[in-house]
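Enquirer: Sequence:
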Amino acid sequence: MFKLKGNGFRQSKKLSLTWLLTGLVTLVVLLTSSILLVGSYQSKKQSLTKTTLHLNYISADRMSKTMDSLFQSMRGSLKHGADKLSDFKAMTPKQVDDYLELMRNSSNFFNSIAVVESNRVIRNVAPASLGTAGRHITSKASMEALSLQKPYISSPYKTSNTKKLIVFLSQPIFSSNGSYLGILSGTLYLQKNNVLSEVFGYNNVDGSGSYYYIVDSEGRLLYHPDKNLIGNDVSSNKVVQKLMKGESGEQQVRNTHGVEMLAGFSSVSANGWGIVVVTPIGLIHNELMSYIRTIIGYSLLPFIILLMTIIVIARRFAWPFVQLANLVSKMGNEKIVLPEVKPHWSREADLLSRAVLLAVANIQKQTDQLTHEATTDALTGLMNRRSLENTISQWITSGLPFSLIMLDVDKFKFVNDTYGHLIGDEVLKHVAKVIETSLRPDEICYRYGGEEFVILLDGAGSEDAFNVAEKVRQALEQSKVPIPTKVTVSQGIANYPLHALEREGLLEKADQALYLAKSRGRNRTVVADS
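If you read the sequence shown in the numbering used here, its first letter stands for residue 2, the second for the next number, and so on.
Treat the hints with caution; some may be incorrect.
[As the list claims (entries may be wrong)] Here are the simulated BS3-like cross-link-like pairs (lysine-lysine), alpha carbons at most 25 angstroms apart as the crow flies:
| id | residue 1 | residue 2 |
| --- | --- | --- |
| 1 | Lys430 | Lys472 |
| 2 | Lys228 | Lys239 |
| 3 | Lys151 | Lys141 |
| 4 | Lys412 | Lys487 |
| 5 | Lys159 | Lys246 |
| 6 | Lys95 | Lys85 |
What the hints contain is simulated information worked out from the structure, not anything from laboratory work.
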């Protein structure tokens, strides 16, 4: 039982649970506001996410239909041209050239159009400046189109000369008696001016930060805001994988750079390509935070008025709980020395004082317990990685030299696979115990993660650290473990400030030395290079 010491509470003739009322009402208001705020946040987040996904899908679907329509129009244009050129052998070269030029300029569908005879010779080409008339075709796509004798669309490929992405479309040409004469082909240079680049190649990014990109049937980027990425293989992207299967839909996905995106995607039936419209999820978070700030701004004044009203009313009731309220108010800022409870002549004051002090004691106890759990590894009882990083940062800030030993249990995966994870845990506990036994009180061991441990040696140089590491390694090698085989460790040593001046660099140096120890045959200690 706690007893309040000192002069006791100031007493008032009017007895009330003033501060309890103030705190209770304030707490209720805060909790209610928090619940409403969290609920509103989650609801708004779901709504924004769902809406953004759906809008992105609608945009992608519209764009895919536009692209599908464009390619159908291109095919239609080529078919119409092939019908017109069914007797091209009876036409003069100039007549054919004029017609091809008319086709190219009237639609802006293609960067070039050519008539290729069945013997693989390019008879006519527009624009004539290409200078390929009379030559034999060499590209795989054109030869495949010529042999198929059917309408054809190639996958995007790079030309041998310019290394630019190109798409090849063709329509077979048959004479009036059904004889196969060749093909009418159209080419689109994806990175040059044509109807496709005019519609899809520019303005990929809108004002909100959303953008779209286009991939081919093999998962290569054809259009993207970052021109340097065009031609890259992004088939590892989950959305792109679905597009490669001909699927359409919406999905939250992480792109190849690790950024979370809200993606709407739609496949293009005419050519097997896919269009993806994405919005960085960070934009949703920014909008949500703006929304929350607005709500808080509107709620702040009513809350302050309510709180001031409660305080004014509460102060008129009683004064016995002033010191108790002050005591409670210190909980978040400092460790409280609980006073002894002095029996109060007010029953309410006495009961409440004891209850609150007991609650404070329990909270403080739980806080201490949680602090311990947060800094201690549950399996081995060693301090954990968080404690390690905090200690290293403190030591670096103080500027005192120290050494770090990073050790890893050799072939621990074999132990887990052979004897099971329970035995593996026992081995880790054994390793931790042997390490602690081998160290002095001022030498601290931490569990870094998995089968890795780290030892910090305050004021030790690399040579001293090497001696300690060898002592630990030999102790482990000679210890009896709960498995038939011996347990050995590989160790890497790094020193501050010799090897690095900041925490991450020091850990990396030790890890590199550890890796070197592994590569040299394990069960050894290596000091990092200066």
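Enquirer: Would you mind marking each hint as holding or not holding in the structure?
Expert: Evaluated hints:
1. Lys430 with Lys472: holds (18 angstroms)
2. Lys228 with Lys239: Holds - the C-alpha atoms of lysine 239 and lysine 228 are around 22 angstroms apart, at most 25 angstroms.
3. Lys151 with Lys141: Distance ~16 angstroms between lysine 151 and lysine 141 Cα, so the pair holds.
4. Lys412 with Lys487: Given that 25 angstroms is the threshold and the Cα spacing comes to 11 angstroms, the pair holds.
5. Lys159 with Lys246: holds (23 angstroms)
6. Lys95 with Lys85: Between lysine 95 and lysine 85 the Cα gap is close to 15 angstroms, so the pair holds against 25 angstroms.
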